[in-house]
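Engineer: What follows is each chain in one-letter form.
There are 2 protein chains.
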Amino acid sequence: MPEKELVFGHKNPDTDAVSAAIAYSYLQNKLGYNTEAVALGEPNLETKFVYDHFDVKFPRVISAIDGEVKKVMLVDHNERQQSVSDIDTVEVTHVVDHHRIANFETDLPLYYRAEPLGCVSTIVWKMYNESEVEIPEKIAAIMASSIISDTLLLKSPTTTDEDRDALKDLSKIAGIDYETYGLEMLKAGTNLDSKSTQE
Amino acid sequence: MPEKELVFGHKNPDTDAVSAAIAYSYLQNKLGYNTEAVALGEPNLETKFVYDHFDVKFPRVISAIDGEVKKVMLVDHNERQQSVSDIDTVEVTHVVDHHRIANFETDLPLYYRAEPLGCVSTIVWKMYNESEVEIPEKIAAIMASSIISDTLLLKSPTTTDEDRDALKDLSKIAGIDYETYGLEMLKAGTNLDSKSTQE
Ligand SMILES: [Mn+2]
Ligand SMILES: [Mn+2]
Ligand SMILES: [Mn+2]
Ligand SMILES: [Mn+2]
Numbered sequence: 002m003p004e005k006e007l008v009f010g011h012k013n014p015d016t017d018a019v020s021a022a023i024a025y026s027y028l029q030n031k032l033g034y035n036t037e038a039v040a041l042g043e044p045n046l047e048t049k050f051v052y053d054h055f056d057v058k059f060p061r062v063i064s065a066i067d068g069e070v071k072k073v074m075l076v077d078h079n080e081r082q083q084s085v086s087d088i089d090t091v092e093v094t095h096v097v098d099h100h101r102i103a104n105f106e107t108d109l110p111l112y113y114r115a116e117p118l119g120c121v122s123t124i125v126w127k128m129y130n131e132s133e134v135e136i137p138e139k140i141a142a143i144m145a146s147s148i149i150s151d152t153l154l155l156k157s158p159t160t161t162d163e164d165r166d167a168l169k170d171l172s173k174i175a176g177i178d179y180e181t182y183g184l185e186m187l188k189a190g191t192n193l194d195s196k197s198t199q200e
Numbered sequence: 002m003p004e005k006e007l008v009f010g011h012k013n014p015d016t017d018a019v020s021a022a023i024a025y026s027y028l029q030n031k032l033g034y035n036t037e038a039v040a041l042g043e044p045n046l047e048t049k050f051v052y053d054h055f056d057v058k059f060p061r062v063i064s065a066i067d068g069e070v071k072k073v074m075l076v077d078h079n080e081r082q083q084s085v086s087d088i089d090t091v092e093v094t095h096v097v098d099h100h101r102i103a104n105f106e107t108d109l110p111l112y113y114r115a116e117p118l119g120c121v122s123t124i125v126w127k128m129y130n131e132s133e134v135e136i137p138e139k140i141a142a143i144m145a146s147s148i149i150s151d152t153l154l155l156k157s158p159t160t161t162d163e164d165r166d167a168l169k170d171l172s173k174i175a176g177i178d179y180e181t182y183g184l185e186m187l188k189a190g191t192n193l194d195s196k197s198t199q200e
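Protein sequence lines correspond, in order, to chains A and B. To convert a position in the first sequence, counted from 1, into the working numbering, add 1. To convert a position in the second sequence, counted from 1, into the working numbering, add 1.
By construction, these hints were calculated from the structure, which means they are not laboratory data. We treat Cβ as the ideally placed atom computed from N, Cα and C, and that holds for glycine. Keep in mind that the hints are not guaranteed to be accurate.
[To be verified] Lysine-lysine pairs mimicking DSS-like chemistry, simulated, CA-CA at most 27 angstroms apart:
(1) K127(A) to K139(B)
(2) K49(B) to K156(B)
(3) K12(A) to K139(A)
(4) K156(B) to K127(A)
(5) K72(A) to K31(A)
(6) K127(B) to K31(A)
(7) K58(B) to K71(B)
(8) K139(B) to K188(B)
(9) K127(B) to K173(B)
(10) K139(A) to K31(A)
(11) K12(B) to K71(B)
(12) K58(B) to K127(B)
(13) K127(A) to K31(B)
(14) K188(B) to K72(A)
(15) K188(B) to K71(B)
[Claimed, not checked] Each pair of labels, with its calculated beta carbon distance range:
(16) T107(B) to K169(A): 24 to 32 angstroms
(17) Y112(B) to N13(A): 23 to 31 angstroms
(18) G68(B) to T107(A): 45 to 53 angstroms
(19) T159(B) to S86(A): 51 to 59 angstroms
[As the list claims (entries may be wrong)] Non-contacting residues of chain A with respect to chain B, defined by C-beta distances greater than 10 angstroms in every case (computed):
(20) K5
(21) N45
(22) L154
Make a model of the complete structure from these sequences and hints.
Structural biologist: What follows is the structure in structure tokens.
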């Protein structure tokens with residue numbers, strides 16, 4: 002079995018950071034890698050709603066590599082200060098991202114795939130299609146949720162046609178009506194109810 | 002027509018830097034961009050042999066952007082010090098590379114595709130296939146030459162199976178026997194004849 006690698010998104014994770022890590026880790030394992038998706042923090046309100054809604058286990062939370070692995074794959078970020086605290090102790094072998102590149106440097110050649118799309122889960126969706134790997138229903142559900150989250154239900158100015166296509170396709174696989182579900186999900190993230198209770 | 006962009010490889014160009022720029026520019030134009038491949042220096046002995054052999058026009062040589070365009074695409078490099086002198090005056094919209102990432106930073110999200118293969122022309126070959134764009138015979142010839150150059154005829158330790166597949170396919174399109182041609186080409190690069198004359 003190949004050497005184990007961890008896959009993770011940025012600190013203070015949002016729905017895309019965690020879900021793209023899970024989706025990319027699953028894909029890479031199908032392609033012969035040996036990876037585990039982890040998160041660099043506890044779920045926020047929106048992400049908790051998503052994982053409860055679809056009964057998906059939130060990944061193990063880590064705050065440092067602490068020598069557990071020698072190699073990692075990053076999703077939804079590349080900047081050192083947004084990553085795990087001891088990122089400089091490991092080799093980054095893969096990056097999948099939709100942000101600018103900054104404060105990022107490697108000693109060795111690597112796989113790096115960035116596209117200026119609304120959501121990393123859209124890029125991972127393209128990669129499943131290119132590799133002809135079937136997307137499991139629950140992974141499709143959390144990827145669709147990521148696109149809803151990052152594009153504010155396809156309304157943010159960063160939204161592209163590829164995000165629209167991905168959300169439609171992933172919603173179909175997951176069996177969700179993304180308009181209805183999306184509003185419910187975004188509302189859970191703003192936590193209107195608990196705020197109005199506290200205020 | 003979209004805003005014009007220049008496409009170029011690194012300074013002191015080798016065969017891959019120039020040929021990947023030509024191949025990627027042609028592909029991007031087919032996909033709707035408006036690009037021109039340029040070179041950041043005169044051809045070396047090997048590259049001159051290649052372009053003479055296949056009667057391919059060497060691109061326009063520039064040493065600075067000098068306000069000609071606002072956007073550029075980089076191939077076969079990413080580090081600022083290997084690029085055009087005034088790289089900081091333009092937006093890098095695309096990078097295709099097979100080197101480590103260092104001394105590279107953008108303000109905006111971009112397309113970035115790096116893979117740890119023996120040659121950038123191998124990655125560009127994959128992109129033609131993914132986009133289902135036909136590779137013209139002369140472009141196949143200079144891409145094959147790039148793979149021969151970067152991998153020393155598939156013998157360097159950086160050579161991957163994808164480089165092998167690409168060289169075979171490109172040689173077929175170009176109608177060359179890459180073993181015979183490759184030795185001739187590598188020999189031209191070492192300039193054994195002119196050295197022995199001078200010495
Ligand atoms: Mn994010
Ligand atoms: Mn994101
Ligand atoms: Mn080069
Ligand atoms: Mn190269």
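Engineer: Give a verdict on every hint.
Structural biologist: The hints, checked one at a time:
no., hint, in the structure
1, K127(A) to K139(B), "violated, 31 angstroms"
2, K49(B) to K156(B), "holds, 22 angstroms"
3, K12(A) to K139(A), "holds, 23 angstroms"
4, K156(B) to K127(A), "violated, 33 angstroms"
5, K72(A) to K31(A), "holds, 18 angstroms"
6, K127(B) to K31(A), "holds, 21 angstroms"
7, K58(B) to K71(B), "holds, 25 angstroms"
8, K139(B) to K188(B), "holds, 21 angstroms"
9, K127(B) to K173(B), "holds, 15 angstroms"
10, K139(A) to K31(A), "holds, 16 angstroms"
11, K12(B) to K71(B), "holds, 19 angstroms"
12, K58(B) to K127(B), "holds, 24 angstroms"
13, K127(A) to K31(B), "holds, 21 angstroms"
14, K188(B) to K72(A), "violated, 40 angstroms"
15, K188(B) to K71(B), "violated, 40 angstroms"
16, T107(B) to K169(A): 24 to 32 angstroms, "holds, 30 angstroms"
17, Y112(B) to N13(A): 23 to 31 angstroms, "holds, 26 angstroms"
18, G68(B) to T107(A): 45 to 53 angstroms, "violated, 32 angstroms"
19, T159(B) to S86(A): 51 to 59 angstroms, "violated, 32 angstroms"
20, K5, "holds, 19 angstroms"
21, N45, "holds, 23 angstroms"
22, L154, "holds, 20 angstroms"
Violation of the numbered hints given earlier is confined to hints 1, 4, 14, 15, 18, 19; the remaining hints are satisfied by the structure.
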